[in-house]
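Participant: Count along the sequence shown from 1, add 35, and you get the number used in the working numbering.
These aren't lab readings, by the way, just hints derived from the structure by calculation. Certain hints may be false.
As the list claims (entries may be wrong) - Under the rule of at most 25 Å between Cα atoms (straight-line distance), these lysine-lysine pairs were calculated in the DSS-like manner:
no.	residue 1	residue 2
1	K290	K304
2	K290	K315
3	K315	K76
4	K76	K99
5	K315	K304
6	K99	K290
To be verified - Computed spacing ranges between beta-carbons, pair by pair:
no.	residue 1	residue 2	range
7	L96	E167	14 to 24 Å
8	E299	S273	19 to 29 Å
9	D210	R77	31 to 41 Å
10	D208	P159	52 to 62 Å
11	D210	H269	41 to 51 Å
12	R75	A131	42 to 52 Å
We treat Cβ as the ideally placed atom computed from N, Cα and C, and that holds for glycine.
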Amino acid sequence: MTLSVSTGQAVDLRVQSVGEVLDRVERSLQVRLLPDTVVRKRRSVGAKTDRDTWVRVERRLLDKITDQGWNGTECAARLDGIIQPEWHGCVVWRDADGLVMWRADETELLPGTPVGTAVLSEAPELPNAWWEALNTSLDALAAQDTRRIATPDTVTITQALITESIRGVFSGDFDTTVERWVPAHADLNWANMTAPTFSLFDWEDWGNAPLGLDSASLWASSLAVPALADRVRHERRSDFESRDGKLMTLFVCSKILGPYAHPEDPRLKPAQRTAEQVIKELQAS
Numbered sequence: 036m037t038l039s040v041s042t043g044q045a046v047d048l049r050v051q052s053v054g055e056v057l058d059r060v061e062r063s064l065q066v067r068l069l070p071d072t073v074v075r076k077r078r079s080v081g082a083k084t085d086r087d088t089w090v091r092v093e094r095r096l097l098d099k100i101t102d103q104g105w106n107g108t109e110c111a112a113r114l115d116g117i118i119q120p121e122w123h124g125c126v127v128w129r130d131a132d133g134l135v136m137w138r139a140d141e142t143e144l145l146p147g148t149p150v151g152t153a154v155l156s157e158a159p160e161l162p163n164a165w166w167e168a169l170n171t172s173l174d175a176l177a178a179q180d181t182r183r184i185a186t187p188d189t190v191t192i193t194q195a196l197i198t199e200s201i202r203g204v205f206s207g208d209f210d211t212t213v214e215r216w217v218p219a220h221a222d223l224n225w226a227n228m229t230a231p232t233f234s235l236f237d238w239e240d241w242g243n244a245p246l247g248l249d250s251a252s253l254w255a256s257s258l259a260v261p262a263l264a265d266r267v268r269h270e271r272r273s274d275f276e277s278r279d280g281k282l283m284t285l286f287v288c289s290k291i292l293g294p295y296a297h298p299e300d301p302r303l304k305p306a307q308r309t310a311e312q313v314i315k316e317l318q319a320s
């Protein structure tokens with residue numbers, strides 16, 4: 036029996052049956068998905084195809100789709116100077132119950148495997164050329180122009196959200212107003228980049244965000260490995276030294292230290308130490 040994933044409630048595609056969805060994608064894109072390559076995540080499923088491309092299928096509740104749509108991967112195809120998989124095409128449809136939409140994007144295959152999980156527990160071996168490619172891509176991205184607004188975790192990022200997140204966890208007399216907004220990937224972690232050849236993928240949530248969001252997000256994903264976190268801060272030091280970068284550091288720390296903090300999360304202590312230091316710097320500026 037095939038379980039329905041059209042319900043308007045939250046589901047986990049790692050455990051739900053998605054056979055009918057994948058059959059529809061194959062028919063629409065006129066491609067065959069290779070069963071032994073399927074990768075299942077909470078709200079997306081990906082697989083290699085018989086024409087050496089990759090298809091990523093995402094399920095999203097209608098109320099999680101903003102006025103700008105949810106064609107981030109398609110829109111990212113026009114960005115210059117960024118190392119990412121080439122986009123080929125897509126199919127989008129609305130489920131019969133009207134509460135859910137599905138989207139399948141076909142891109143070229145990644146040049147390597149993902150560096151790791153979203154949060155790493157041990158340091159990856161990354162050549163200097165990899166870090167250079169990361170810096171080149173992030174700097175090129177920040178120099179682009181877009182009307183899109185970033186939606187990290189499918190939530191539109193706003194000044195109000197930033198202030199609420201920071202104030203909900205940290206006290207102190209400092210201004211939380213962001214000065215500069217630039218295009219950001221908005222889901223930068225070790226699961227969305229490849230190695231040993233660098234490529235940045237999963238562009239669903241990109242758009243304008245406070246300067247330093249991507250750098251702070253990658254740093255937060257590295258905190259369980261102190262040397263790696265230090266390397267991220269070194270490579271992206273111009274972001275971290277900026278006032279907005281300090282605010283973004285507090286923003287990502289608030290997610291680690293907030294109401295959903297896990298008592299055994301190895302990132303708790305380094306996040307707390309860094310947050311305390313950043314607050315002192317903001318108060319002194």
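Participant: Each hint should be assessed against the structure and marked as holding or not.
Facilitator: So, going through the hints one by one against the coordinates:
Distance hint between K290 and K304 is fulfilled; the C-alpha atoms sit about 13 Å from each other, no more than 25 Å. Among the hinted pairs, K290 with K315 is consistent with the structure: their alpha-carbon atoms are about 20 Å apart, no more than 25 Å. At roughly 39 Å between alpha-carbon atoms, K315 and K76 are farther apart than 25 Å, so this suggested pair is violated. Using a Cα cut-off of 25 Å, the hinted pair K76 and K99 holds, with the two alpha carbons roughly 18 Å apart.
Restraint check: the Cα-Cα separation between K315 and K304 comes to about 17 Å, which is no more than 25 Å; the hinted pair holds. Between the alpha carbons of K99 and K290 the distance comes to roughly 20 Å, so the proposed pair stays at or under 25 Å and holds. At about 39 Å, the CB distance of L96 to E167 disagrees with the hint of 14 to 24 Å. A C-beta distance of roughly 34 Å is found between E299 and S273, which places it outside the suggested range of 19 to 29 Å.
Distance hint for D210 and R77: a CB-CB separation of about 36 Å, consistent with the stated range 31 to 41 Å. For the pair D208 and P159, the supplied restraint of 52 to 62 Å is violated, since their beta-carbon distance comes to about 39 Å. Against the hinted window of 41 to 51 Å, the Cβ-Cβ separation of D210 and H269 comes to about 27 Å, which falls outside the hint. Remark: the range hint 42 to 52 Å for R75 to A131 is contradicted by a beta-carbon distance near 23 Å.
Hints 3, 7, 8, 10, 11 and 12 from the list above are not met by this structure, while the remaining hints are.
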